[in-house]
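Novice: One letter stands for each residue in the lines below.
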Amino acid sequence: MTTVKATDDRPTPQPRTRSRGQVPPLPQLGAYLLIGLGAVLTVAPFYFMFVFATHTRTDIFQLPPPTWFGGNLGENYTHLMERMPFWRNLWNSLYLAVLTTAATLFFCTLAGYAFAMYTFKGREVLFGLVLATLLIPSTLNIVPFALIMQALGWIDQPRALWVPGMASAFGIFLMRQYIGSSIPRELVEAARIDGATEFGIFRRIIVPLTGPAMATLGLVTFVQSWNSFLGPLIIFRSGETYTAPLALRTLQSVANTDWGALMCGVALTVVPLLILFALASRQLIEGLTAGATKG
Amino acid sequence: MLARSTSARRGGWSGFQRRYAPYIFISPFFILFLVFGLFPILFNAYLSFQQWQPGTGLGAMKFVGLRNYTDNLTDPTFWQSLKNTAVLAVLSGLPQHLIAIPVAFAVAGVLRRMQHLVTAVYFLPYITSIVAISVIFFTLFSWQYGVINAALSALHHLPLIGGLFPADRINWLGEKAYVQPAIALVVIWRYTGWNMLLYLSGLQAIPKELYEAAAVDGATGWQSFRFITLPLLRPIMFVAVTLSLIGGLQLFEEPFILTNGTGGAGQAGLTTIMYMYRTYTSYSDAGVAAAMSWLLFVVIGALTLLNNRLFGRSGLAGRD
Amino acid sequence: MRTMLSLTLALTASTLGMAAAQTKTITVSVFPDLDSVVKAALPGFKKLYPNINVKINSLAYADHHTALTTALSTGKGAGDVVAVDFGYIAKFAEGNGLVDLSKAPYNAGQYRPQFVAYTFPQATAPDGRMIAMPTDIGPGSMFYRSDMLKRAGVRATDLNRSWESYIAAGRKVVAANPGSFLIPDAGEAAQIILRTGLGAGEGLYFDRSGKVLVGPDNPRYVRAFTVAKQIRDAKLDARAGAAFSPDWTTAFQKGNLATEFSGAWLVGHMQNWLAKDYSGKWAAQNLPGNTYASWGGSFYAIPQQSQNKAEAWALIKYLTTNPAQQVLAFKTTGAFPALRAAAGDPIFNEGVPYLGGQKARIQWRQAALKIQPLDVNRLDPVAEQIVNDALNTVLDGSKDIRTALTEAQLLITRRAR
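Residue numbers (full-length UniProt numbering), protein chains in the order written: chain A, 1 to 295; chain B, 1 to 320; chain C, 1 to 417.
Read the hints as simulated data drawn from the structure, not as lab findings.
Errors might be hidden in some of the hints.
[To be verified] Cross-link-like lysine-lysine pairs, in silico, DSSO-like; alpha carbons within 27 Å at most:
no. : chain 1 : residue 1 : chain 2 : residue 2
1   : C       : Lys46     : C       : Lys24
2   : B       : Lys62     : C       : Lys235
3   : C       : Lys370    : B       : Lys176
[What the hints assert, rightly or not] Examples of chain C residues lying across from chain B (beta carbon under 7 Å, computed):
no. : residue
4   : Lys76
5   : Ile167
6   : Asp247
7   : Thr406
[Stated by the list, open to error] Here's a subset of chain A near chain C, in silico, CB distances under 7 Å, partners left out:
no. : residue
8   : Arg123
9   : Leu126
10  : Ser138
11  : Ile142
12  : Val143
13  : Ala146
14  : Leu147
15  : Gln150
16  : Leu233
Beta carbons are placed, not taken as given, at the ideal position from N, Cα and C, and that holds for glycine.
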């Protein structure tokens, strides 16, 4: 934290010597334009999602499509509530995502630390194995996955998803890359000489220094769990245990999709992600700045 | 005396725990993997030598030897799906990085207080649900009524530059030549922000002093980008490119939803995973699908290894 | 007859006896809009069976069938009553996952005369097992915009006399109504032609012995592809792809379509949201060329793994063989009854307000009786996919009809073994 302050308050003779000052006016304008254009293109579909949530399905397919908020939000919301216990489904999603994220963060940081900071027999082979699991298309695993969960009696239980979910090869990969490239080994050695246990080093040195990577992994895990579909489809068997995306899909029939209610539900499911992201990205930027000064 | 013995014991414990710590730290992953990961893989391996229609029950499997593999390898649609996958992986993967790196560089260079907000904005597509994405892009891509075609036609009627834009409406999802670009566009839209985030974190980790020193030595902006930024971005580039590669080769959601699962005109949007899913669900040919997943696994593995060789070694070298 | 009756009575008695003993809860797995039908049926059902509680699990159409496949392949997790759509019947008929309803204690065969003729063969596997009970059907109809026809000086009979006259009259309609299209997608014509004029023992893609019928030498296929191509080349279609795609929806809402072929249920959608502003302008006729086809149709089945088969059967019987319930389903979602007695209800003689008071339901009821059962094959989904792809390559001009059909034949033959 102190290092963050140090960067911002570093005495500089003139603002010009800052990296921002180094960019000449024309490229600077170009940079702003690039950022701005990208931002508009990125946000537009997202904006339409909220706009569509306030229109009837007849309006949504008008041409040109509605570009401003309409007056049908209340009715869409009512339809949504008639069709499913939506808040219950949202709670199921939250419960699942929080558990998955917490477990993934802990175990992936631990394993990533082991792969990055230790030299041990079989390291390369074991890491190769971790990576290899990333390459296996999971789409086909529906039947064996269902068989295991039936054998364990975990059908209709969130743990059927978060327990296997925490074994994230991607998470280990990301953490190893980050820890390996940003935490000096000398720091670990020094702590070891001071008599810290291996887990103690992990807890006191590694965890505090992996903030940005954890923010990234945490966010990605949360989002993926939140939006996941195929797993919950196999595990959850009734309207009360459905997660939000699963419940929302029941609005989509071949012929009769109430797009207004669906959009309303989709928009409501995105709100928790937005809140989380607002919180996590602050953490992320602070962590990133801290990383920048360490050099 | 007491202190001494404690410290001696500590030495033994320390050595022990130091030797076994890494194994203990990675064991949760491998235990979970053995239970939840290996079984499905073995099941699929077994299945790839069987003829089985899911829905008929586990007892109905029939051993067919290598037939499922030879069936795939002689199936023109399988080869076409591989080609589609490769084209889509490049078409949707490369631009993500070509856009994300300059944008991340621009954001890191010119923005201070807004950085937080801009990063958040670029990341939005990543957290948007695929359901919303599909509806929105369908409306945008529509042939007769779509916003994209309306915009193109407006541009066509402009003086001077009008000739650059097509006169006729483009049937984005209905004509073979446009299916892949349309899918790529959605993938690029969805994941560029994610890559930008990765690159931004990489950029932030580059010490400012390096740029200041380069500026003192009279380096131009391009030179410092070329000789400081790019080399130091390599480790994170390796992560980002590897993830794009694996994700690109397993592309499923976007083409599946945009083409209603059909692969679109001329099947140009039929990726291998989609074809596998179709073989499994609508064709009910689980054995052939399992064999296909193993063939795809080999292809992805080979390409990832190649990527490692070309890119990873130098990228990871900086680590040790 | 007497034995049948006594069996039924015995079954009913045992069901009731069991129900009296204890309250049971059964689960019904359905997809929308069938969930609304079941929901609407429950009050009436509860009156007859106060001790059976019914829980409805609804999933989106494709997801429902995916989840059902998983449940049947692993032997666990299916509902006690499961809805199966027409297109999936052959697939689920293949295994032993669903109960044979033609056997005791169900003896569904006794209801055969009460149902629209083609539904029972549709629900019967090649080996004679009957795996599901039909509940609704989708008799096909040609909907047309009478105002557009009038502007072009074309009569409805000009459109449906034959496919040639459909195209010829269609050109006039499109010419007289700038910005309009004759049909959402040219492929629809091919699909109808493929479903008509089948020889005995022929299915859509395979004959009863499993021989592939798709090919450049089958006149049915050549004609289907040729007519569709003619429509596309005359620029008569909106190239909207599948029904309910956004392009299709928008074309309807903007009132740009002169005709559409669909099941009778389409009227409900047009009236409620799809083409609200065009009430009284749409009308219905039979399909061109004296052809009769069906759009969709739903069935209910009992999985072998169900622990409550008697209760499940009680519910299925109520949903499918109770005329009042079948009429209620029609009123709820527009699902046309598979039970013939239900179609005799006075409501079917009334005019349809949206179609300008036209007594179209009589026409649909008669059309339903003329629909031929198609022989189904478990590889139908494979063949359907391949034929549709071939049709698309013909329509977009990348292959000629002969080449496309030859290739399709090869691809299907590879899979058929």
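Novice: Failing hints, ascending?
Specialist: Violated hints (numbers, rising): 2, 3, 4, 5, 7, 8, 9 and 10; every other hint is consistent with the structure.
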